[in-house]
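Peer 1: Kindly produce the complete structure, drawing on both the sequences and the hints.
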Amino acid sequence: MLINMDFISEIVELNENKVNEMVKERLQNNEDPLKIMDDVKNAMKIIGDKFSKKEYFIPELIMSGEILRQIFEILEPVLKESQTSEKKKGKVLLGTVAGDIHDIGKDVVKFMLDVNGFEVLDLGVDVPAEKFIQSLKEFKPKVLALSGFLTLAYDSMKEIIDRITDAGLRESVKIMIGGGTIDERIVEYVGADVYGQSAVDAVNIAAKWMGV
Amino acid sequence: MDGGVVNMGKTDSEQLIKEKTQRVRDAIAVKEPDRVPITPFADIFFAPIQGGMSHKDALYKGRKYGKTCLKVYSRYKWDLYPTLFLPVVGKLNDLVGVRTMKWPGASNPNYRLGDHQPYQFLETEWMKADEYEKLLTDVTGFMLRNIVPRQNSVLKPFEKLPLASALTILAPVGIPMFFIDKEVKKMVKEFKKTLRKMIGLVLGMRTYNKTMKKLGNPVAGQVGFGMAPFDMVSDSLRGMRGAMIDMYRNPEELKRTCDIFVDHILGSMDMFDALLGKPDENTIPLSFIPLHRGANGFMSNEQFEEFYWPSLTAVMEGMIKNDIIPLPFFEGRYSDRLEFLAEFAKKHKGKLVYWFHDTDLIKVKEMMGDYVCIRGNVPASLLIGGPPSAVEEYVKKMIDGCKDGGGYLVDGGVSGIPNEARHENVQAMTDAVHKYGVYRK
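Here the protein sequences come in this chain order: A and B. Under our numbering, the first residue of the first sequence carries the number 1, and numbering increases by one thereafter. Under our numbering, the first residue of the second sequence carries the number 1, and numbering increases by one thereafter.
Simulated from the structure, these hints should not be mistaken for laboratory data.
In silico lysine-lysine, DSSO-like type, Cα no more than 27 Å apart, as pairs: (1) B/363 to A/53; (2) B/56 to A/158; (3) B/278 to B/18; (4) B/255 to B/321; (5) A/142 to A/88; (6) B/255 to A/18; (7) A/18 to B/128; (8) B/10 to B/71; (9) B/77 to B/214; (10) B/77 to B/31; (11) A/137 to A/91; (12) B/363 to A/54; (13) A/174 to A/88; (14) B/186 to B/160; (15) B/193 to B/160; (16) B/255 to A/54; (17) A/89 to A/131; (18) A/131 to B/56; (19) B/18 to B/31; (20) A/50 to B/255; (21) B/365 to A/54.
Just so we're clear, the structure is a prediction, and the values are computed from it rather than from any experiment.
Peer 2: Written out as structure tokens, the structure reads:
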């Protein structure tokens, strides 16, 4: 059996008890835990697609994260060093800008980029320019995604992008911005490349920029 | 008078207040006034930034905050001026040891933000899912003895508040026993010390309200403070993550809690009377209801209909019954929910105000403009980034699209006037209303 469709659909339907049972059962049947993980990845991709199509919303993303956590708990003791052979689509650096500690929008963007095969480095919230610059140098992403909920994020984003320019790194990265009070008018003000209204936009923009 | 604010005769100012409030009342009743009213809410730090005060001082220096707001707001010809929302909230927070937000100047360094940062809330799972039954058995008791001490470190002794058995004819024993407890005595002593310092809070707000009145500037009558019950659970008890997991694991408990909160919200509508003064005949009794998790994207329409909307409409209906005008603030986008909003508005023509952040106002006007007064929504990006000509153009477009038949109030989109808004853009918004908003001379 290559792909366990029943298992995948139980995850997609968010039947957490059934999923837990099935994971345990599959382990008892000596199935390779890495194969179980592949199914989980496929399920998460379907959940991401449903979110894109507005069939699923934040409660479903949260529940799927919760189910994922439980699966990991069961698999962790038997899962060897993850030897993922999957080729990622490209690197995205992500963070909520300095001064702002909101994370909901950023986390949804992270989830969607993740399940769509991007390699995401999430710097968290209240991230200052220095930290973005350091990570641009070390992680070398093609895309930088700046998130902010409060209106203070306008000036914070502007400062971060100015500092990136001063550090000579602006040409090396494409910058997208998004969040509660951000709109397309702010792109020019802060010196970004584009505004994304939703996590789905973030995925499409990143894919376009990386040519994937 | 402060900062060049010109005083006027009593009759003139009374006349002006009557004119302005009538204009707003007509708009709310979905009748055409003489001009589209401009009724901005202002985010807490807009006036302080304009007046050169730090965010920290705004939260700690009540009298100065009141004076600064007075000076900054009276520069603009508005019809309803912002209510001062809890200046010196910093001192109040220190007093009870708040753990639900971070703010500039906090005495506890773990909750302190920079002097020039606005406060921000911390969402935590304060109540575990398995505590619903306890909460539902005795909501206020559970909140007082369990949640309040967790959320406010100084109020830890509330854990010892007497139970019902000590509140019967045994109250003469039960209540003093609470107050003679060593930790409770210490807490009360702390309170007294800090409360004395808080006089500036009350004075700042009262001076602001009185002076505004003398100037003929009606202050938005903030009666009570509403919330969507779902947001109460999500913001204050379970965190958004917890509340959304409950939609799957504990849906019945979640809905029962929302239903129970309705009466509690309606029962505390007079919460701010001591600070803001009791409403009088010139008060427009608006109750601001900032909404959080009901926006597009946070949940599906089916979930909205099951978990969010029923208890919120019960709150709004209760307000309307008590002659309070609900002012839900639809932050984010609500384009997916407009059918719900329209249906409710049809049942309560002219009794409420819908304030939108990022929903197409002209579409809203077409759908429900005959029934409900809509408010908004000059974008923060324009009020901060400008230029003034773009602000003017936006306001003109909204007025052209929304003014017919009355029922339109001009305000900013998010938080009214955002903290970082520039004066010239706010002036342009104000001027545009006076220029394009006239129905009749």
